[in-house]
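**Q** Chain by chain, the residues:
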Amino acid sequence: MRAAPYLMSLPALVLFAGVVVVPLAMTVLLSFHDWGQYKGIEPVFILKNWREVLGDSYFHEMFWRTFRIAFCVTFLAALFGAPEAYILNRMKSPWRGLFLLVILGPLLISVVARTLGWALLFGGSSGLVNKALMNLGLVDAPLPFMFTETGVIVALTHVLMPYMVLAVWASLQRLDPQVENAAIALGAGPITVLRRIVLPQVMPGILSGAVIVFALAASAFATPAIIGGRRLKVASTLAYDEFLNTLNWPLGAAVAVLLLFALVAIVWGANRLVERRYAQVFA
Amino acid sequence: MSRNGPLALAYHTLFVAFMLAPILVVCIVAFTPEGYLSFPTDRWSLRWFYAIGRYPEFISAFWRSIWLGALSSAIAVTVSVPAALAIARYRFPGREAMTALFMSPLMIPHVVLGIAFLRFFTEIGLGGTFTGLVLSHIVIVLPFALRLTLASAIGLDRAIEHAAVSLGATEWVVLKRITLPLVLPGLASGWALAFINSFDEVTMTVFIAAPGTETLPVRMFLYIQDNIDPLVTSVSACVIAITVVALILLDRAYGLERLLVGRGATHGR
Chain U
0 MRAAPYLMSL PALVLFAGVV VVPLAMTVLL SFHDWGQYKG IEPVFILKNW REVLGDSYFH
60 EMFWRTFRIA FCVTFLAALF GAPEAYILNR MKSPWRGLFL LVILGPLLIS VVARTLGWAL
120 LFGGSSGLVN KALMNLGLVD APLPFMFTET GVIVALTHVL MPYMVLAVWA SLQRLDPQVE
180 NAAIALGAGP ITVLRRIVLP QVMPGILSGA VIVFALAASA FATPAIIGGR RLKVASTLAY
240 DEFLNTLNWP LGAAVAVLLL FALVAIVWGA NRLVERRYAQ VFA
Chain P
0 MSRNGPLALA YHTLFVAFML APILVVCIVA FTPEGYLSFP TDRWSLRWFY AIGRYPEFIS
60 AFWRSIWLGA LSSAIAVTVS VPAALAIARY RFPGREAMTA LFMSPLMIPH VVLGIAFLRF
120 FTEIGLGGTF TGLVLSHIVI VLPFALRLTL ASAIGLDRAI EHAAVSLGAT EWVVLKRITL
180 PLVLPGLASG WALAFINSFD EVTMTVFIAA PGTETLPVRM FLYIQDNIDP LVTSVSACVI
240 AITVVALILL DRAYGLERLL VGRGATHGR
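First to last, the protein sequences are chains U and P. To convert, note that position 280 of the first sequence is 279 in numbering that gives the first Met the number 0; the numbers rise steadily by one, no gaps. To convert, note that position 106 of the second sequence is 105 in numbering that gives the first Met the number 0; the numbers rise steadily by one, no gaps.
Read the hints as simulated data drawn from the structure, not as lab findings. All C-beta atoms, glycine included, are put in the ideal place defined by N, C-alpha and C. Treat the hints with caution; some may be incorrect.
Sample of chain P residues facing chain U (criterion: CB under 10 angstroms; computed from the structure) [claimed, not checked]: (1) V28; (2) V80; (3) P108; (4) F116; (5) V164; (6) A168.
Computed far set for chain U versus chain P, every beta-carbon distance over 12 angstroms [said to hold, decoys possible]: (7) E60; (8) P143; (9) P203; (10) E241.
Sequences are here, hints too, so could you generate the full structure?
**A** Pasting the structure below:
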């Protein structure tokens, strides 16, 4: 019976070994191959692509932009998503379920359709966001959203917001409302209760939400491709271009592998930090 | 617990408006009677919905997405049931590592998976084929299927199985008549969540789909890259409508929160 669990997992293990581990190893290997306009991919072991990706200022700028966008999206999602999760949690029964569905539901709606919505709101002949901003007197001239970082950040924040609300919501479910009531009974004002009681307890939720949102924002593809267009490149759209337009697969593989390693390092480091800082909350 | 004040409710209204605005805009523009992107003002028209019928590539891509989602989710669930039972019932060396491996498609950027699959399938002669699409989709939806089957496998009352065994049932009968029926709800919702994720997947699929094996989101994405016109808004409106119906059914059947948070996070239910 020792072998039972392994035998039971065998189909899935074989599948993952064949279709995940091998292709990923091949991609890492591919990033060391040579490529030429006319000779195609040459299976040699050289550092040319890695030198180019790590040394060229074009790639520095592109990676810096990718992580800058991811950071802004994470910050905005936490800033606006956490209070909403708190408000949602205080709602009464039918509304709570309904609005949870409304806010988490978009997670399952095609990201292409959601991004198309932002493209319609930002640009074209209508440009609804700018009309609204100008009618409110907030801006004098239309702001450029399409093909800008601002546009990508706004659309990506919308696309990834449900993950943040979900994470904070989950941590709010663990919160004991009696603690809040005790603080009020002892004379604490609403601000003090929020700052001293609620916030410290939902912080692990916000941080784990932030890790998810950051990882997804840094590797997002459809939204930066549609809103950012061909000129505003991030890591994933650049890799796509190298693979399907320039056909320089080894260089594209180097960009993708670097993105993967950077994200794994960041997510792992953040998780370690969160666990150490909040060990007592998880225990 | 105290109630939300007017300020909180105003914030909530703005937040919900932000979440719904882009989705509603797509649905409204889809009804334009004009030949260009505009809001229907005095007259609504179904012209762009009829126009979808004249673009067979959207129709065939839609059916391909349906088949791909159904097939890959079914295989993913089938493969994850024994794995979930193994993880839930046994403590064995490599258990944690195996679980991490099965969950890894959630952490690996889909663009990296797309590149890896493109290279791999081209090398083994599956480049641009439906088989390649199915294999890759099984892998990316397996974490969703596994998470829900695992939750129901852990929640299973072993006493019922033990009772069946003591009443003389063989191992096979226990599996068929007791275990599988008990994990069936988890299986069904795991399949549904896997299906939705396969149906919406675009980042990875765009790398490995060739003309003729494009899924609906890939077709929409490539169409938008060329130009945005009312046709793609009406296609998107249909996709949104289908997803919303599926979402409401799923919420009724299983609870969306439980589905998304996993591991039975709804306390006191």
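**Q** Decide, holds or violated, for the assertion that all CB atoms of chain P are farther than 12 angstroms from the CB of P143(U).
**A** 17 angstroms, holds
**Q** Test the statement that E60(U) is away from the interface with chain P: the closest C-beta pair must be farther apart than 12 angstroms.
**A** 19 angstroms, holds
**Q** Take the shortest C-beta to C-beta distance between P108(P) and chain U; is it under 10 angstroms?
**A** 3 angstroms, holds
**Q** At a threshold of 10 angstroms, is the proposed contact between A168(P) and chain U supported by beta-carbon distances?
**A** 18 angstroms, violated
**Q** Given a cut of 10 angstroms on the nearest C-beta pair, is the interface hint for V164(P) held or broken against chain U?
**A** 15 angstroms, violated
**Q** Taking the minimum C-beta separation from P203(U) to chain P, is that value above 12 angstroms?
**A** Consistent with the label, P203(U) stays out of reach of chain P, its closest Cβ about 14 angstroms off (over 12 angstroms).
**Q** Once the shortest beta carbon distance from V80(P) to chain U is found, is it less than 10 angstroms?
**A** OK, holds: V80(P) within 10 angstroms of chain U, min 9 angstroms.
**Q** Is the Cβ of E241(U) farther than 12 angstroms from every Cβ of chain P?
**A** 9 angstroms, violated
**Q** Hey, does the V28(P) contact hint survive, CB to chain U under 10 angstroms?
**A** Because about 6 angstroms separates V28(P) from the closest Cβ in chain U, which is inside the 10 angstroms limit, the hint holds.
**Q** Would you settle whether the hint for F116(P) is holds or violated, based on the nearest Cβ-Cβ distance to chain U being less than 10 angstroms?
**A** 6 angstroms, holds
In this structure, the earlier hints numbered 5, 6 and 10 are contradicted, and the remaining ones agree with it.
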